[in-house]
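A.B. asks: Here is what each chain is made of, one letter per residue.
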Amino acid sequence: MPPMSRRHVLAGASLLAAPALLTRRAHAAETCVVGTWGGDYARLLRENIDDPILKPAGIDVVQDVGDEQPRVAKTYAQRKLPHGTVDIACVGAVNGYRLTDADLVEPLTEENVPNLKHVLPDLRSPAFVPHIYSAQVIVYNPEIVKAPPQSLADLLAPEWKGKVGMVSTVAPWVLMAASLLKSGTTTDFDAAKDFMLKLNANGLRLYPETDSLAPAFKSGEIEVGVIWLARSFMWRNGGFPVKGQFPSEGAILYVSGMVLPKNAPNKAAAFGYMNALLAPSAQQGFAAHMGYLPTVDDAPLSGTVGEQLAIPEPRPKLVVPDYAVISKAMPDLNDWWLKNMQHS
Amino acid sequence: MTDALAWCERSAVTALVAAGAALIGVPLLLTLYLSVFDEKLILFPPHAYTLAWYPAIAANFGAPIWTSLRLGCAAVAGSLALGVPAGIGLSRHRFRGRGAVSTLLLAPLTVPGIALGLAIYVALIWIDEQAGSALTGSMAGLVLAHVLITTPWVVRLCLASLANHGRDTEEAAASLGARPATVLWRVTLPAVRPGIVAGGLFAFVISFENLELALFLTSPGVTTLPVAVLQYLEYHIDPLVAAVAVAQMAGVAVLLLLLDRFVRLGRVVR
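For the protein sequence lines, the chains are A and B, in the order given. According to the working numbering, the stretch in the first sequence is residues 6 to 349, in order. According to the working numbering, the stretch in the second sequence is residues 2 to 271, in order.
Keep in mind that a hint or two might mislead.
[As the list claims (entries may be wrong)] Here are the computed lysine-lysine pairs in the DSS-like style, where the Cα-Cα straight-line distance is at most 30 Å: (1) B:K41 / A:K248; (2) A:K198 / A:K60; (3) A:K122 / A:K267; (4) A:K248 / A:K187; (5) B:K41 / A:K151; (6) B:K41 / A:K223; (7) A:K151 / A:K187; (8) A:K203 / A:K223; (9) A:K122 / A:K223.
No lab work stands behind these hints, which were simulated from the structure alone.
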């Protein structure tokens, strides 16, 4: 037998390593695959649900990290497969409605998810578990703004000319807020567009992402903005002191949660996961770190978190979008925004 | 008059080169600058500077970096296995459909990444449906997709490498009795070596930074670096991502310098 050269050894090692590179990871017998956002959200799922609740119950949670739209597209695409790749898909309420409407997700009842009985009445949905929610508020730097706007209508005043910032990625939600202002409903988009054009003419500044507003606040480029209360909570924890003002006409709610695809490989584990999601400890954990409000009635917030996230009295009007309408209108609203707001 | 014209030409070229260098260099320098801000939000001016973001890279992105490295290596191996023979064949042989094959090998570059990702995902589902396989959401599916997008680079760079190398030496070797395999091994492959190295490098970089395919094709429990960075940015806009970018640039630069020492990449990549 000829002596083995270094080249032969390397080639052999590569062949031996190939299966490890290419094969799917082996899972424990009881596994729940959760399609989720990454970053802090995934970490908090691990810290508040996966490790403390699911693991002791013998369920190994595997996260499938990615963006929401690809996740939704994948759920549609794999609907014909007898077994999908995830047991749970994390989506916003609008996509939750779309997937429910397309009959791609399992209906949920208190029988298979007992903690559903604690879900706040306005947030209940037949096949979507609301996990967290936040309200769209007017944020301002209290060191500069002593008399903050009380309503979106106030943003048209000359004193705010060129000093208002918004985020383009949440255009439909801003339009719903404008609709709420003009007609008291979330679906009067003609009135909303008219208001937004006036705001645009008053020097509205648009930013690509919510966090792009923070440097603009800091530099004095803007003095007020319209974002989610949860993000202002995170800014405060990041050392940037902003305050949120609930608009007097009402605040639109953003709700994020989970659905269970009909072809989920392990539905029993998925039901357990959804139940754990609504447990008070899990809800309080998310509130403490991300500033989102609990979606259940048995997870009161206390201490600094409770103070920072307290809904003011008198209680402002909190408005859940009409998902049937907004899920269909969203592409047109985004299109209108791009054509009329971005470059004017 | 001629001197004045020459001076104008030289000045214009210098200005264009300076503008090009600034266009490339300024964002890199800004990224480097941002990566040392001692701020949780990227606020200018920073209240202090720190290098603490760099040690945090491993803790936050260690697993995704390892995944991307493995994926990049697998994509390089696959694209070289396909692309080098294809490049040599297209360069050294004339056959019917050569133009079509050449175009086909470039085609993946012309499809938008997000559309390609979704299309491959749907194709894998169809294969699974028909064959009862489990390619959807598997590492094998992701590797195959990366091979698809990296192969065109290898083919093109091999072709570029052989374009400057006439067939005379190969014909001389053959006329002296060398068998075709010997000609390939002793003459053609050494000639195409810079193209192979440059192609492998490009394939690795293209694979390592690809986001769109990973959004659709990663398996549960597996995250690549671009996806992890995108997801991190959902909740943070701190200098950690800038530190990751600087580390990535430094890694590629070191790789380039090392490779250029052994293989003159400038002969191919210009």
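A.B. asks: Work down the list of hints and note, for each, if the structure agrees.
C.D. replies: Each hint, compared with the structure:
no.: 1; hint: B:K41 / A:K248; verdict: holds, 18 Å
no.: 2; hint: A:K198 / A:K60; verdict: violated, 49 Å
no.: 3; hint: A:K122 / A:K267; verdict: holds, 22 Å
no.: 4; hint: A:K248 / A:K187; verdict: holds, 25 Å
no.: 5; hint: B:K41 / A:K151; verdict: holds, 26 Å
no.: 6; hint: B:K41 / A:K223; verdict: holds, 13 Å
no.: 7; hint: A:K151 / A:K187; verdict: holds, 26 Å
no.: 8; hint: A:K203 / A:K223; verdict: holds, 26 Å
no.: 9; hint: A:K122 / A:K223; verdict: violated, 43 Å
Against the hints set out earlier in the document, violations occur for numbers 2 and 9.
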